[in-house]
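Asks: Construct all of the structure, not just a fragment, from the sequences and the given hints.
Protein chains: 2
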Amino acid sequence: MSLGEFDLIERFFWRPAGQGPRRAVVGNGDDCAILAPAAGMQLAVSTDTLVEGRHFLSTVDPRRLGHKALAVNLSDLAACGAQPLAFTLALTLPRVDEPWLAGFSQGLLALADAHGCELIGGDTTAGPLSIGITVMGEVPAGQALLRSGARAGDDLWVSGWPGLARLSLEAFRGSLAPSLSGDEFDLARLAMECPTPRVGLGLALRGLASAVIDVSDGLLGDLAHLLRRSRVGARLVLDALPVHPVLATRPLPQQHDCLLAGGDDYELVFTAPAAHRTRILALSDALGLPLTRIGAIQAEPGLQLLQGELDAWPDDDAPPREVPNRWTAFDHFKA
Amino acid sequence: MSLGEFDLIERFFWRPAGQGPRRAVVGNGDDCAILAPAAGMQLAVSTDTLVEGRHFLSTVDPRRLGHKALAVNLSDLAACGAQPLAFTLALTLPRVDEPWLAGFSQGLLALADAHGCELIGGDTTAGPLSIGITVMGEVPAGQALLRSGARAGDDLWVSGWPGLARLSLEAFRGSLAPSLSGDEFDLARLAMECPTPRVGLGLALRGLASAVIDVSDGLLGDLAHLLRRSRVGARLVLDALPVHPVLATRPLPQQHDCLLAGGDDYELVFTAPAAHRTRILALSDALGLPLTRIGAIQAEPGLQLLQGELDAWPDDDAPPREVPNRWTAFDHFKA
Numbered sequence: 001m002s003l004g005e006f007d008l009i010e011r012f013f014w015r016p017a018g019q020g021p022r023r024a025v026v027g028n029g030d031d032c033a034i035l036a037p038a039a040g041m042q043l044a045v046s047t048d049t050l051v052e053g054r055h056f057l058s059t060v061d062p063r064r065l066g067h068k069a070l071a072v073n074l075s076d077l078a079a080c081g082a083q084p085l086a087f088t089l090a091l092t093l094p095r096v097d098e099p100w101l102a103g104f105s106q107g108l109l110a111l112a113d114a115h116g117c118e119l120i121g122g123d124t125t126a127g128p129l130s131i132g133i134t135v136m137g138e139v140p141a142g143q144a145l146l147r148s149g150a151r152a153g154d155d156l157w158v159s160g161w162p163g164l165a166r167l168s169l170e171a172f173r174g175s176l177a178p179s180l181s182g183d184e185f186d187l188a189r190l191a192m193e194c195p196t197p198r199v200g201l202g203l204a205l206r207g208l209a210s211a212v213i214d215v216s217d218g219l220l221g222d223l224a225h226l227l228r229r230s231r232v233g234a235r236l237v238l239d240a241l242p243v244h245p246v247l248a249t250r251p252l253p254q255q256h257d258c259l260l261a262g263g264d265d266y267e268l269v270f271t272a273p274a275a276h277r278t279r280i281l282a283l284s285d286a287l288g289l290p291l292t293r294i295g296a297i298q299a300e301p302g303l304q305l306l307q308g309e310l311d312a313w314p315d316d317d318a319p320p321r322e323v324p325n326r327w328t329a330f331d332h333f334k335a
Numbered sequence: 001m002s003l004g005e006f007d008l009i010e011r012f013f014w015r016p017a018g019q020g021p022r023r024a025v026v027g028n029g030d031d032c033a034i035l036a037p038a039a040g041m042q043l044a045v046s047t048d049t050l051v052e053g054r055h056f057l058s059t060v061d062p063r064r065l066g067h068k069a070l071a072v073n074l075s076d077l078a079a080c081g082a083q084p085l086a087f088t089l090a091l092t093l094p095r096v097d098e099p100w101l102a103g104f105s106q107g108l109l110a111l112a113d114a115h116g117c118e119l120i121g122g123d124t125t126a127g128p129l130s131i132g133i134t135v136m137g138e139v140p141a142g143q144a145l146l147r148s149g150a151r152a153g154d155d156l157w158v159s160g161w162p163g164l165a166r167l168s169l170e171a172f173r174g175s176l177a178p179s180l181s182g183d184e185f186d187l188a189r190l191a192m193e194c195p196t197p198r199v200g201l202g203l204a205l206r207g208l209a210s211a212v213i214d215v216s217d218g219l220l221g222d223l224a225h226l227l228r229r230s231r232v233g234a235r236l237v238l239d240a241l242p243v244h245p246v247l248a249t250r251p252l253p254q255q256h257d258c259l260l261a262g263g264d265d266y267e268l269v270f271t272a273p274a275a276h277r278t279r280i281l282a283l284s285d286a287l288g289l290p291l292t293r294i295g296a297i298q299a300e301p302g303l304q305l306l307q308g309e310l311d312a313w314p315d316d317d318a319p320p321r322e323v324p325n326r327w328t329a330f331d332h333f334k335a
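Protein chains in written order, with the numbering used here: chain A, 1 to 335; chain B, 1 to 335.
Be aware that one or more of the hints could be misleading.
[Said to hold, decoys possible] Per label pair, the in silico range of CB-to-CB distance:
| id | chain 1 | residue 1 | chain 2 | residue 2 | range |
| --- | --- | --- | --- | --- | --- |
| 1 | A | S58 | B | D97 | 25 to 35 Å |
| 2 | B | Q307 | A | A38 | 45 to 55 Å |
| 3 | A | A110 | B | R228 | 28 to 38 Å |
| 4 | A | R11 | B | L190 | 30 to 40 Å |
| 5 | A | R11 | B | N325 | 19 to 29 Å |
| 6 | B | P94 | A | F172 | 15 to 25 Å |
| 7 | B | A114 | A | R11 | 37 to 47 Å |
| 8 | A | P94 | B | D183 | 37 to 47 Å |
| 9 | A | D186 | B | R231 | 45 to 55 Å |
| 10 | B | P245 | A | P94 | 36 to 46 Å |
Worth flagging that the hints you see were computed from the coordinates, not collected in a lab.
On a predicted model such as this, the values are computed, not experimentally measured, just so you know.
C-beta atoms are modelled at their ideal positions from N, C-alpha and C, and glycine is treated no differently.
Replies: Have a look at this one:
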């Protein structure tokens, strides 16, 4: 059976009335969807495309791919402190593969439902496999978390366990020595293929964080964007980085590569006044999500990488030791 | 020189302050852009992707391609009666070709500026050439033009001169007999490569039209969507269709193929109560855009194609003659 373009959208992506979130005044099926943001709310908009061979391997489970395609977009909303509202899907497919589409739409819509985010429009085309999503969220006027608000003296934080996605990628590439056990590989692979967008954390950081960015291109690379937009510098203490047990067994240079230049982490890096430390640690408990203080913002531009104690200062007995930065951000046109 | 992903976006797509429209509270360069819809306004959202070899030929002038990629999206806003506000761009490129990018961004941003539509976010990836745009517009609450409002007795209208894009496509395919003159070819090619989204018409049709759709997949195919969503049928009079002078010289079956099943027209097909005929003709004069009455909505489902006088009825001396429908809508997975 050959499905046409319209059948395909209706069959795999439209929801019967009463199933899935309803956030739009007019949903799927007209020239445009119509959204009515609540009074006093602003709209946060972000877009991300996943291309086969670039952002995912052709062997990936379509359920996980559907999840990830939306997750990387929700991660951008999280970094703005926005509540997910709706998204559009532009799907380019080499052919109509029904089992693949069934898996993909299940993974996609399960994550969408979990966040009350409605699929309000889309487009399918024949061509090399790629998935483009534009996501929209609501945030109270003036409360969006931006990259530009970091101030000298703020603490520098990271959520979760960055680095596992990169570990998995290296394992897939066959370049990892020593190799991972089966369990370790499954866990790292899950981090890469099925990342959890930190939407709840983003919402809770409104009013707490001074600047936020999500880590998609590696911690150092994305931190550099935050610093540039905030016109500040930072000191980052390598020994303070959260090391997942699977990563902790690896050689130290490999740990650092994965933690600092990994990419595909979808954790949040954020800054906050030191006065909020206790509240942020309480938030970590409440969310069941590690939030780790890894450094501080300073007025001098640039990024200092240090080894030693997190709160040690140059005039202490055991002053922190500066280490050279041998990591650069991941760039799709250079990698 | 090899440009990275971020340089590429900044260089070709970001605008210096004071240049181009500013519709966003936070524009390009953060995790999300932040939009603040005006009080009482709803947001119309649509998305469309153009894929090389499917929606455009690799030989197309990048300026025209940039124009068209946004035009097809603005056409969806037009069909909803929405004022363009902002858009996101997901660009997948096989390589960084600077002259190509310069042309593409010029064509894209010139049309965006003409409609006050700000580029608020985007994404570039290496891969087979494709262009994904999601466009957002504003419409007063409850005033969006939908596909679902057509009522029995309404007039059926079409804007402009449909059919030229298909004529051009057939000429490119070498399947057109007799062949076009150089001037005819240029004109048809312009219609295909550089369509004009009917944004002004869409805005003016608020309160006049009962249902609207834009013609991207062929007049009959898109009309069928409108009829299905409105749960009505229509009679369409072939002899009433607007025939562009270039199309008028072609054999009649070819004219009909291009007019009815052409695709890529980006004209609006709309319905309106007969009481609005004079106002619609005055609007046509005011916009300098042909608006042609081509039939009527009727309660019985389905589409009747007729030859004869537009306002003739079955009991007239010269009753309209029904002709079989040999056209089907264009489908990217079947063509």
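Asks: All hints are to be evaluated individually against the structure, with a verdict given for each.
Replies: Verification of the hints:
1. S58/A x D97/B: 25 to 35 Å: holds (26 Å)
2. Q307/B x A38/A: 45 to 55 Å: holds (53 Å)
3. A110/A x R228/B: 28 to 38 Å: holds (30 Å)
4. R11/A x L190/B: 30 to 40 Å: Given range 30 to 40 Å: holds, Cβ gap about 38 Å.
5. R11/A x N325/B: 19 to 29 Å: Because 25 Å falls inside the window, the suggested range holds.
6. P94/B x F172/A: 15 to 25 Å: Holds: the Cβ-Cβ distance is about 24 Å, inside 15 to 25 Å.
7. A114/B x R11/A: 37 to 47 Å: holds (38 Å)
8. P94/A x D183/B: 37 to 47 Å: holds (39 Å)
9. D186/A x R231/B: 45 to 55 Å: The hint (45 to 55 Å, Cβ to Cβ) holds, given that D186/A and R231/B are roughly 51 Å apart.
10. P245/B x P94/A: 36 to 46 Å: holds (41 Å)
The structure shown violates none of the earlier numbered hints.
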